[in-house]
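Generate the whole structure from the sequences, applying the supplied hints.
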Amino acid sequence: MRLAIPHQQRLPLAIAALGFLFLGLFLLYPLFNVFSASVLDGEGEKFTFANYVKILGRPFYRGAVVNTLAIGVAATFTTILISVPFAFALARLPVPGKAAIIALAAMPLVLPSFVSAYAIVLLLGRAGIVTQWLQSWGIGFGSIYGAGGIILVYTLTLYPYVLLPTMAAFKAVDVSVEEAAQSLGSSPRRTLWTVTLPIVIPAILAGGLLVFIETLENFGVPFVLAEDMPIFAVEAFKLFVGETAPNPSSAGVLGVLLIAMTSLVLLIQRRFLSSRRFATGARSAPPILRVGLGLRLLATTYCWAVVLLALVPFFAIVVLSFMEFRGPVLHPNFSLANFTALFERSTRPLLNTLMFATLAALGVTLVGVPIAYVVTRMRSAMASLLDVIATLPFAVAGTVLAIGFVVSFNSGWLILTGGPFIMVLVYTVRKVPFAVRSSSAILHQIDPSLEEASISLGRSPLQTFGRILVPLMLGGILSGFVLTWVTIASELSATVVLYSGQWRTLTVVMFQALEGGGGGIATAAASTLIIVTLLPIAMLYRLVRRYELST
Amino acid sequence: MTGIVIAGAARSFGTVRAVDGVNLTVGDGEFFTLLGPSGCGKTTLLRMIAGFCELDAGEIRFGAKRIDQLPAHTRDIGMVFQNYAVFPNLTVAGNVAYGLKARRVAAADVARRVDEALALVQLAGYGERWPHQLSGGQLQRVAIARALVIRPQVLLFDEPLSNLDARLRVSMRGEIRELQKSLGITAIYVTHDQEEAMSVSDRIALMQSGRLEQVGAPAEIYRNPTSRFSAEFMGTTNLIEAQALGREGAGMVSLRPEALRLDADAPAGWPRLGGSVAHVEVLGPITRFDVRLGDGSLLKVATLDEPHRALAPGAPVTLAYDPARITVLP
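Top to bottom, those sequences are chains A and B. For the record, in the first sequence the residue sitting at position 38 is 37 according to numbering that gives the first Met the number 0, with numbers rising by one throughout. For the record, in the second sequence the residue sitting at position 175 is 174 according to numbering that gives the first Met the number 0, with numbers rising by one throughout.
There may be inaccurate statements among the hints.
Heads up, incomplete: computed chain B residues facing chain A, CB under 10 angstroms, no partners named [what the hints assert, rightly or not]:
#1 GLN81
#2 ALA142
#3 ALA146
#4 ASP304
Rough simulated footprint, nothing fancy, chain A against chain B, three-plus residues with beta-carbon under 8 angstroms [said to hold, decoys possible]:
#5 61-74
#6 97-111
#7 202-209
#8 247-256
If you're looking for bench data, these hints aren't it; they were derived computationally from the structure. The structure displayed is predicted, hence computed values, not measured ones. Don't be surprised by glycine CBs; every beta carbon is placed ideally from N, CA and C.
Structure, rendered in structure tokens:
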């Protein structure tokens, strides 16, 4: 018998062991506790399915399931509907300002969606500015509360999930395939429908599924817009906060159901989409089509309209935050009062947001990059298992994971509730899948023979990781860090479950102001959040530009 | 100075026996080539020596020292990769210095040795360049300098020329051979190109399905193949029933195309065969043509270019062959 562990596998195995330990303790253990809460009685002692019977027996919660799924499907459909023509226009039509459009179109991905929802309320709600202005002209329109408004906000904030991959897919279509179709007698229009679109359908569906999962997990948008319509993530939160028994069985049931729904969607995606990749490996992007002036104007107007419309709510919030609020009522005078009110009370929420985002983004990088290394460089059942577990947080709503953390770490040998680290850890776990995905993408670009060259020249695998892989991955790691940082800064769904006392963040301040009707502070917090989000992105963009120019 | 001994090396991937009990001894300072079609196990065997592939059984020694259980980075090997594997984040000098710094060589020595190594591969003055500014051939020179500069016990080449264009391949293989001989470092070279293997090697191990098919000097394997596979893989040959050549005994023989000549050009003692020309290719220095014999079998013939000879398809022709160059195959 030889040495139990071959030398070249020791580093990946050590990393994998640490990864399993971390994810086991801070992902699987809390999720297990959510599950066990759902099958134990109120005292947490007896095994029972009564909780499921109780929850699913009530029309209110059955309604929550139906509403959540229906809104998700509708929003997926609308995002696809507006994104596919948009993507085609960007990839194949002569639209001026494409670089700017693409940069602006990516922004809703990093801006907090509940801020957009709140802006919609301020503009189009019952006492909204636009509503009142229209009413003064005698024009009325339907309510934006409930399903309609939620779908509108989801469409405006989630459409890039479909747009960006679909555009990439349109660009990856090998033009010779289209030429082959036309040489066989197919008209350009028929070629588009029978050749080009089928090739990009997997990309459209993959993006659509991301949208669907986001809508299932989203807490902030329905919290602002649903009013009395029951939505899953919100009801899970309300049940958890309102539960008085020692065992949060009802919240546990909703949590398990939510995870079951998202996991099911992900499984369907793996089953049906992974085998359907039609990327044709074009050597160069297909040419821009020559079209008439009319179509050209139409495409240009359409692209710019969608991009700007999606950003109007954020712009409006920034403008409104400099106006005077008396309670929830807005007065059109310039004022810094909202910001003074926000920061006079305390600058802690801002500092907390900055600190948590920094710590968690560091954590995500330190956990995600090594796991990506194992997943890409080791081909074994263990590596695939680690991959699956590291992807799991993607299927777990922030609210549910946070409930699991509270249940798991409020007593016993590791007590985290009430402190700052519980939030940092939840953020870290939630964003690990994104870091693993983006780092894997970079690692796939790096030829393994570079590592072997370094090792054969006398550097150990660990030194090779630090001296060759990390420098080569640095650009990708840095942009991953910034994107993670930004999304953590505007995290709401887990934060509202976990915050306590002095550890409130900007999103919590906004959340509390919304509950208490303090419109001024809410807009000031939202604007600050937008600035906190956009500054690092702008810095990253400049850095990347400079780097590209220098090489 | 190091010879290499490989004893009973074996490795399976799933049900595939990639390396299936290989025994081999490579002499000190020898240029030894592992040759074979893709999937024959030559790269796996090389990676076993380098330490990137574990052995299921057997052992590998450098001189008296067993190395197959040492971590790859302690084996003191210089390796040159097919895709160069030049670190893109380091300059040319940084690449060449990489192994020296890993060995904690003093800074002044590093600079001197890097310059020497770059001069050796004709890249003097290229130290400050970045890899993306170099051509494929230059990148491979950097990779070679990087492997030589650490003065390794053993040099390993993993199809180092297959990404280069044809002309560069020919000149680079000569340079590699010359460098190896002048430094006297034992080298193992992997290739699937029979001509490349014959031009650089002291000895060749021809591999198939994880096993050694035949080991010997290039000319020896070419002239005396011990199997049908050896005969066919080492250049072009005619595999033909002995009886078709009018010889005693059953079984296959191998007869190289250049061992056949036209009747008029051959010595009187060689046996004659009648047939008709089937196909002619004038390739420049040599002319290849196929002759169909009376029993229907086809013989490939190669002769030097001869402007005064007319060979038309269908024309009757009499061939002669050198009986000493018949190899009887088992």
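Results for each hint:
1. GLN81: holds (8 angstroms)
2. ALA142: Holds. Min distance 8 angstroms.
3. ALA146: holds (8 angstroms)
4. ASP304: Since the shortest Cβ distance to chain A is 40 angstroms, the answer is violated.
5. 61-74: Holds: 7 residues of the region 61-74 of chain B have a Cβ under 8 angstroms from chain A.
6. 97-111: holds (count 4)
7. 202-209: violated (count 0)
8. 247-256: It is violated: at least three residues are needed, and the region 247-256 of chain B offers just 0 whose Cβ sits closer than 8 angstroms to chain A.
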